[in-house]
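These are the residues of each chain, in order.
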Amino acid sequence: MFNFALRRFALAALILFVAVTLMFLMIRAVPGDPVQIMLGPRATPELQARLTAELALDQPIWRQLVIFYGNMMQGDLGTDVFSGRSVTQIVFQQLPFTLELIFASILWSAALGIGLGAYAAAHPNTLIDRSVAVLSVSFVAAPAFVVALLSLLLFAVQLQWFPAIGVGDGFWERLDHLVLPAFAIGLSWVGYIARLVRASMLEVLGEHHIRTARAFGLSERRIVMVYALRIAVLPVVTVIGVGMGFLLSAAVFAEIVFARPGLGKLVIDSITTRNYPIVMGSVLISTGLFVISTAVADLVNAWLDPRARTST
Amino acid sequence: MKIEWMKAPTGRRNFLKGATALGAAAAMPMGWAGTAFAQDDGVLRVRAYGDAPNMDPAHSVGVVEEEIHAAIYNKLIQYKPGSEWGWQLDAASMIEQVDPTHIKFALRDDIGFTNGHGAMTAEDVKFSFERIVAEATESPNKPDMGPLSHVEVTGEREGTIVLNEPFAPLWSIALPYITGNIVSKAAVEATGGRIGSDPVAESGPYLRASWSPKEKTVLQRNPNWKGDAPAWDTIEVYPIDDENTAEIAFEAGELDLTRVSLGSVARYRGGVPNGGTLVENPSLFYVWLGMNLDHPKLQNQKLRQAIQHAIDVPTILEASYFGAADPSTGIIAPGLAGNRAQGLVAPQANIEKAMALLAESGETNVSLTLDILNKTTYTTMAQVIQAMLAQIGITLEINVLESGAFWASGENEDLQLVLNRFSMAPDPSYATAWFTTEQAGIWNWERFRNDEFDKLHAAASAETDNAERAAMYQRAQDLMEESGAYRFITHEATPVVHSSRVVPALRPDGLSLLRYFGKA
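Line by line, the protein sequences are chains A and B. Residue 257 in this note's numbering sits at position 257 of the first sequence; the count goes up by one each step and never skips. Residue 484 in this note's numbering sits at position 484 of the second sequence; the count goes up by one each step and never skips.
Among the hints, a few may not be true.
[Claimed, not checked] Residues of chain B clear of chain A, computed beta-carbon distances all greater than 10 Å: (1) Pro81; (2) Glu152; (3) Pro296; (4) Pro327; (5) Asn339; (6) Ser361; (7) Arg449; (8) Gly510.
[As the list claims (entries may be wrong)] Only some residues are given here: those of chain B computed to face chain A with a beta carbon under 8 Å: (9) Thr101; (10) Glu138; (11) Pro140; (12) Ser197; (13) Glu215; (14) Ala252; (15) Gly253; (16) Glu254; (17) Met388; (18) Trp407.
FYI, nobody ran anything at the bench for these hints, they're computed from the structure. Note that the structure is a prediction, hence the values are computed from the model and not measured. All C-beta atoms in this analysis are idealised placements derived from N, C-alpha and C, irrespective of residue type, glycine included.
Given only the sequences and the hints, what does the whole structure look like? Please build it.
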């Protein structure tokens, strides 16, 4: 297990390096003078020259990359051009908002998805199973931004049950503000997880150990909940790990539609204004999150199912 | 399997049990009782279109930060809320232009800075204004202060602003806008000359209580403010980029005031939810179609004029602005000196004239490109223009660009036609500044070069006779239009909705003056 973990984290570091380097090169390939865009039309030539030098934009691209990684190794992600604040501080100030949104989305979608999938598998080819199938496909097919807008109009404007914008202050307010965005970006995951669990569960229910359990006279409820579901839930762990990346991108629009602070919004704003230090800091952290979450998912999977350790 | 490095009480089997329980828990009813959003009296919630991370007027990047600065700092004079541009006294108890280059002022004696930095003095005014123009400050707002020479301190609270030459925008931009904010000399010097994202000392009717980046800025009543008491105890400013989101938040009762999209104006004209009010203000923005005079395909003036006459502005406005904006006559908006009552080319297309001009030009099989920003408004506008030019036989290819790439178009020598939109401060010099010869290839994307225009721009800034000044700017816009490089489209509009409990204080262009907001 230790060797597996070591190999997996080495791969994660490599993926992180490649992704961040690619992003570094891509943002510099985008047309437009970043200094002029950052400082606006009225900046003096002296200020433009100073910022160009500060950001090392007068250096060859390979040297800029070396400087970036050199600073990064020392924990220095640079300084925001506009406010003069440290990029690390800015990024870590926004990160919790994105993380809480992602975790809330995963939590409720996994809870409901696993429940629906398990129930459908335990009652195959019944009306309930078919209803769950229809619901699941509908959830997967519903574009998250449409769900977001409709839920805003219904639950925030019409019924006024939940707030429409912001993140709120204090635990309960924050939770209240999470409901609609987490609902919007988690809904398609409910359908996806339900389908996954159902398929996996049906396969498990046909295996020998389940037949043995039935032969021993265990209740069907116990067989499904204890013996079958714990194996059927394995693929969900992997999917959730990979899903972090998708949820990170879904968080971008949720942060815009629900006017929430967060990493996604920070990246979009920074790319638009060519604020290179913040773009790179945000990308580094979000890519790191994605890579770590997939690595952790793989490790958890390997821990739960020893056969997975030999397959990577 | 034994996992040595993990000492958590849960094992693999326990984890699986937990996951199973999670699934079972989903079967439970939600039981979530949503709570209706409650509004506290005394809290005004308004939307800004961006965040305000910078509390230094010298490095402020525009109106978003100025909305906050204007509430927490004081100026000698402030814009007066209403439908006409004007100013009123703020920190000054008296201000007077004694000759074209000298402005005497006296400060009120009841304004103090926070954090123990004492009363506001003429030294603070001198420090604040001279700091803007000092090379070391590297302020991008330096042009707003124009030919400021220095400020003479003649008493504890008296002084004289000395200019190197007359400067008309002093009264419309320099003093009542960004650069007019007075900061505490002692406080700024104590921080090494730079104010960051936290104000070092405030003096206005409100204090910035907190700033949560990308979330909100909270202003609270300054307990030591001796002027007219502000109406609201607390003002929360929410940075919301997306207008549709802001509209939904307003309709949900979470915002008291927001600018709304032009597309929503017709709906709000039929009634604003919750007893709110729609206020339609003109805007200072100017939108136009530009033609690059340096491009080989656009050397023929008759061709450019044919394009001017082929474009029907009312149709564009109907399609892109849903009829909520009026045609413009130039770059200077109504209400400002130099606005033209009508342009040289009528807003309506004249297809016959356009075809005649095209025939005169001798150009055939004309095919051009139009660069636009990737916003729905411009895409629609471009498609309408494409159809209009097709009517006279000109083929138009539309290039949709992301904002960074679009705003770098000044360097693009291959640029042919471009749909552009600039913002401005309430002085005509702010508009003409971008179309001078020295701006060619920087912000003058049409590469319009005209000596008379350059001279008019320079002379008009120093002209203190309003009528003379207006005539100069009108002539400057005539020159732009005569070149054939410009088809002026609109100044847009600033529709704002506010709730029934607010009496808004807005500039003539619809921007908020938070310190003057009242309660209904």
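Right, here's what the structure says about each hint:
No beta-carbon of chain A comes within 10 Å of the beta-carbon of Pro81/B; the shortest separation is about 26 Å. Interface exclusion of Glu152/B from chain A stands, the closest Cβ pair being 26 Å apart, more than 10 Å. With a least beta-carbon separation of about 22 Å from chain A, Pro296/B lies farther than 10 Å from that chain, consistent with its non-interface assignment. With 10 Å as the threshold on Cβ separation, the claim that Pro327/B sits away from chain A holds: the shortest Cβ distance comes to roughly 26 Å.
No Cβ of chain A approaches the Cβ of Asn339/B within 10 Å, the least distance being about 22 Å, so the stated non-interface status holds. Chain A leaves Ser361/B outside its interface by the beta-carbon criterion, the shortest separation being 32 Å against a cut-off of 10 Å. No Cβ of chain A approaches the Cβ of Arg449/B within 10 Å, the least distance being about 18 Å, so the stated non-interface status holds. Every beta carbon of chain A lies more than 10 Å from that of Gly510/B, the smallest distance being close to 20 Å; the non-interface claim holds.
Of the supplied interface hints, the one on Thr101/B is violated, with its beta-carbon coming no nearer than about 24 Å to a beta-carbon of chain A, more than 8 Å. Among the interface hints, the one on Glu138/B holds; its C-beta lies about 4 Å from the nearest C-beta in chain A, closer than the 8 Å criterion. Taken as an interface hint, Pro140/B checks out: its beta carbon lies about 4 Å from the nearest beta carbon of chain A, inside 8 Å. For the restraint placing Ser197/B at the interface with chain A, the shortest Cβ-Cβ distance is roughly 5 Å, inside the 8 Å limit, so the hint holds.
For the restraint placing Glu215/B at the interface with chain A, the shortest Cβ-Cβ distance is roughly 4 Å, inside the 8 Å limit, so the hint holds. Interface hint at Ala252/B: satisfied, since its Cβ lies 4 Å from the closest Cβ of chain A, which is below the 8 Å cut-off. The beta carbon of Gly253/B is positioned within 8 Å of a beta carbon in chain A (closest approach about 7 Å), and the interface hint is therefore held. A cut of 8 Å between beta carbons decides the hint on Glu254/B: the least distance to chain A is about 6 Å, and the hint holds.
This hint is violated: Met388/B has a C-beta 28 Å from the nearest C-beta of chain A, more than the 8 Å allowed. Against a cut-off of 8 Å between C-beta atoms, the interface hint on Trp407/B holds, since the closest Cβ of chain A lies about 6 Å away.
Checked against the numbered hints above, the structure violates hints 9, 17; every other hint is satisfied.
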